[in-house]
Amino acid sequence: MRCLLAIVALLPLLSGTAAADEGRTAIFQPGTIDRPGSYVLNRDIVVAGGDAIVIRASQVDLDLNGYAIRSTGGGALIQIADGFSSIRIRNGRLLGNDEVVAIAYGSSEQAPPITLRLEDLEVDGNLFGVFLGSAAVLDITSCDILRCADTCVLSFSAVEPTGRIVDSRFAQAQYNGLHLVQGGMELRGNIISTEPQSYQRDQRVGARIIGHGGILDGNLVASIDQPPDRTAGVELFASGILMTNNVLDRHSTGVIVHSNGNRIAGNVIRRSGFNGVDDGNGIDVWNLPGDPAAGNLIEVNLIDESLQCALNFSPPSADNAFRGNMRFASGVAPVCDGGNGNTDAGGNL
Amino acid sequence: MSVVAGVARADQGRIPIFGPVTITQPGSYVLTRDITVSSGTPINIQASNVTIDLNGHSLTNSPTGGRLITIFSPSTNIRIANGRLVGGVRGIDYNTSTGNAGTSVSIHAVDFEPQGEIAVDISNAISFEMTSSSITNAYTGVLITNPNATTDPRVTARLVGNRFARITHYGVIITGMRSFIATDNEFSDSGLAGIFLVMGSGLITRNVFSAGVALGTIGIDLQGGATGLVLDNTFKGLERGVWAMSNGNRIAGNLIIGPPASAGGSPRGIVLGASGFAADRNLIEINRIDMQSGCAIQFTPDSHDNIYRINTLRGSGGLAVCNNGTGNVDAGGNVY
Numbered sequence: 002m003r004c005l006l007a008i009v010a011l012l013p014l015l016s017g018t019a020a021a022d023e024g025r026t027a028i029f030q031p032g033t034i035d036r037p038g039s040y041v042l043n044r045d046i047v048v049a050g051g052d053a054i055v056i057r058a059s060q061v062d063l064d065l066n067g068y069a070i071r072s073t074g075g076g077a078l079i080q081i082a083d084g085f086s087s088i089r090i091r092n093g094r095l096l097g098n099d100e101v102v103a104i105a106y107g108s109s110e111q112a113p114p115i116t117l118r119l120e121d122l123e124v125d126g127n128l129f130g131v132f133l134g135s136a137a138v139l140d141i142t143s144c145d146i147l148r149c150a151d152t153c154v155l156s157f158s159a160v161e162p163t164g165r166i167v168d169s170r171f172a173q174a175q176y177n178g179l180h181l182v183q184g185g186m187e188l189r190g191n192i193i194s195t196e197p198q199s200y201q202r203d204q205r206v207g208a209r210i211i212g213h214g215g216i217l218d219g220n221l222v223a224s225i226d227q228p229p230d231r232t233a234g235v236e237l238f239a240s241g242i243l244m245t246n247n248v249l250d251r252h253s254t255g256v257i258v259h260s261n262g263n264r265i266a267g268n269v270i271r272r273s274g275f276n277g278v279d280d281g282n283g284i285d286v287w288n289l290p291g292d293p294a295a296g297n298l299i300e301v302n303l304i305d306e307s308l309q310c311a312l313n314f315s316p317p318s319a320d321n322a323f324r325g326n327m328r329f330a331s332g333v334a335p336v337c338d339g340g341n342g343n344t345d346a347g348g349n350l
Numbered sequence: 007m008s009v010v011a012g013v014a015r016a017d018q019g020r021i022p023i024f025g026p027v028t029i030t031q032p033g034s035y036v037l038t039r040d041i042t043v044s045s046g047t048p049i050n051i052q053a054s055n056v057t058i059d060l061n062g063h064s065l066t067n068s069p070t071g072g073r074l075i076t077i078f079s080p081s082t083n084i085r086i087a088n089g090r091l092v093g094g095v096r097g098i099d100y101n102t103s104t105g106n107a108g109t110s111v112s113i114h115a116v117d118f119e120p121q122g123e124i125a126v127d128i129s130n131a132i133s134f135e136m137t138s139s140s141i142t143n144a145y146t147g148v149l150i151t152n153p154n155a156t157t158d159p160r161v162t163a164r165l166v167g168n169r170f171a172r173i174t175h176y177g178v179i180i181t182g183m184r185s186f187i188a189t190d191n192e193f194s195d196s197g198l199a200g201i202f203l204v205m206g207s208g209l210i211t212r213n214v215f216s217a218g219v220a221l222g223t224i225g226i227d228l229q230g231g232a233t234g235l236v237l238d239n240t241f242k243g244l245e246r247g248v249w250a251m252s253n254g255n256r257i258a259g260n261l262i263i264g265p266p267a268s269a270g271g272s273p274r275g276i277v278l279g280a281s282g283f284a285a286d287r288n289l290i291e292i293n294r295i296d297m298q299s300g301c302a303i304q305f306t307p308d309s310h311d312n313i314y315r316i317n318t319l320r321g322s323g324g325l326a327v328c329n330n331g332t333g334n335v336d337a338g339g340n341v342y
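Chains V and X, in that order, give the protein sequences.
With our numbering as the guide, the letters of the first sequence map in order to residues 2 to 350.
With our numbering as the guide, the letters of the second sequence map in order to residues 7 to 342.
No lab work stands behind these hints, which were simulated from the structure alone.
It cannot be assumed that every hint is accurate.
Which residues of chain V face chain X? A few of them, derived with a C-beta cut under 7 Å, are [said to hold, decoys possible]:
1) Arg44
2) Arg165
3) Ala223
4) Asp305
5) Gln309
Just so you know, even glycine gets a beta-carbon here, dropped at the ideal spot from N, CA and C.
Could you build all of it, start to finish, from the sequences and the hints given here?
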């Protein structure tokens with residue numbers, strides 16, 4: 002009898018689930034996960050609107066099992082309720098439309114920050130691929146997030162979260178590919194592309210990094226010629242970013258640096274300023290109010306075919322150093338220095 | 007299930023495949039036994055959003071048989087993983103005979119051997135990803151093409167952690183993809199080239215290219231406006247390590263060891279340009295090139311305004327730098 006009670010207690014946690022083999026709980030229709038555990042989708046789920054799967058528990062592992070969750074209306078495909086964390090979602094497809102958020106968490110930045118891990122997902126045709134109002138740890142591995150009507154991954158937080166985004170693709174973002182308030186973040190081996198429409202927004206960016214610290218290494222960031230909107234490959238708002246060995250191709254501006262103490266080295270930055278607007282700088286060190294854009298080291302980059310300047314220091318950027326960079330075919334000048342104390346440390350060609 | 011012949015509902019809802027099938031519905035499929043045919047195609051895909059787990063099993067066709075998996079246009083979002091594709095003329099083929107819609111294909115942990123023509127042929131790829139797989143004994147390993155590289159930013163390809171061995175023609179041909187990443191792959195005994203990249207932006211890092219008993223040809227061949235970063239790769243025994251016929255590449259941190267002098271030919275470490283194919287404004291730095299014969303770096307007459315610096319070229323039996331171009335600059339720090 003005691004055994005029977007235990008079995009009953011493990012039985013369906015939501016309408017549309019049943020015990021599957023390997024002890025995992027099968028999901029076969031929309032519903033709510035309200036207990037920790039390992040769940041597996043066993044068929045495609047299609048909803049006309051609203052949230053398809055709601056997670057109201059921590060320590061949840063959701064295996065989409067090669068299947069898809071699709072919405073023809075609005076809402077979220079997977080909505081994680083405030084206060085629940087340690088969520089892992091993997092191995093399937095999340096298919097939406099311009100009104101759908103594929104994976105959503107956090108009603109505000111004051112929500113308890115979440116730890117979220119995403120692996121081997123195809124996320125296609127949503128307003129946002131991942132929208133986190135409050136993140137603590139965000140790991141994205143081997144995911145394909147494309148055709149984002151706004152931003153593919155948008156992560157806010159009142160704290161500075163950490164995490165890794167590796168070996169993934171963020172393609173055809175209409176606004177930003179990645180917008181991260183992540184500190185100590187690693188971005189490696191990703192392909193990121195933007196496809197700007199004429200929304201008359203501000204700069205569209207492949208990766209906008211607002212958190213302090215972190216590494217961007219070995220990513221490929223590309224846009225296309227589509228005037229009049231401006232684009233940028235990478236935009237750094239926070240300090241202490243190591244940006245190495247990336248390829249940035251065909252943006253209005255390759256890299257925009259608003260912050261201090263970054264090292265930007267070994268990158269290939271090409272064809273900047275061919276989007277029909279007058280930016281056209283390879284690397285643009287450009288202060289914002291209260292942030293002087295100082296103390297950055299820019300070295301050993303190859304900057305080719307910039308419509309304006311390969312390196313541009315806007316006033317009052319200060320005390321930056323550049324050395325060993327190769328700057329070819331710049332329309333105005335290799336270096337346009339309107340700042341203070343920016344130093345040519347030698348070896349530039 | 008009535009969606010296809012030869013399938014029924016499996017555990018965890020995955021649909022088992024135990025015989026030749028045509029998949030006409032989206033879903034998650036799993037192979038439950040090896041399938042062998044002597045002609046035709048064992049798996050045809052005529053639906054989008056299809057996942058096939060080969061589940062450690064094999065699809066086998068006769069050497070002169072057809073394909074092993076054919077994806078019919080306009081099917082897209084296809085994932086194939088975890089098994090073996092043996093024989094046939096092609097392993098995975100995207101057939102555009104009914105139209106020319108683009109497709110997205112992902113391959114993970116699949117071993118191909120041998121295919122008489124092309125192991126993977128995706129003729130109009132929107133996106134292509136291949137990871138942790140191997141291709142052995144094929145005419146061409148992977149052929150990925152798209153005509154919209156300059157207008158469609160989705161058009162991307164990634165190859166990570168794969169092995170290409172004994173390929174008669176090209177290990178990988180990527181033409182017309184907007185963005186291309188190749189990392190941590192191994193190429194051995196590719197008859198013409200390991201990677202042949204035409205158009206688009208590339209990031210080619212940490213790959214190993216080697217020749218066996220025969221003199222190999224080219225490690226990386228960049229043409230037709232293909233540009234990017236060639237970083238930290240290893241080349242051993244090839245007639246050409248990197249051959250760039252495009253502009254604005256950074257070729258850095260590579261280790262290039264030439265073939266033995268007894269292999270003959272005219273080996274080169276890095277070659278810029280070719281007759282009628284310009285190579286301008288490239289940066290060649292921090293490479294270690296050791297050629298027992300031939301030139302470590304060769305600038306052809308069609309190369310202009312390239313820079314080389316901080317390369318270690320010592321040990322080259324021929325010339326360290328053969329400069330027949332114009333405006334190419336030794337920027338210092340090279341060790342001869």
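Outcome of the hint check:
no.: 1; hint: Arg44; result: 5 Å, holds
no.: 2; hint: Arg165; result: 15 Å, violated
no.: 3; hint: Ala223; result: 5 Å, holds
no.: 4; hint: Asp305; result: 4 Å, holds
no.: 5; hint: Gln309; result: 17 Å, violated
Violated hints, listed in ascending order, are 2, 5; each of the other numbered hints is respected by the structure.
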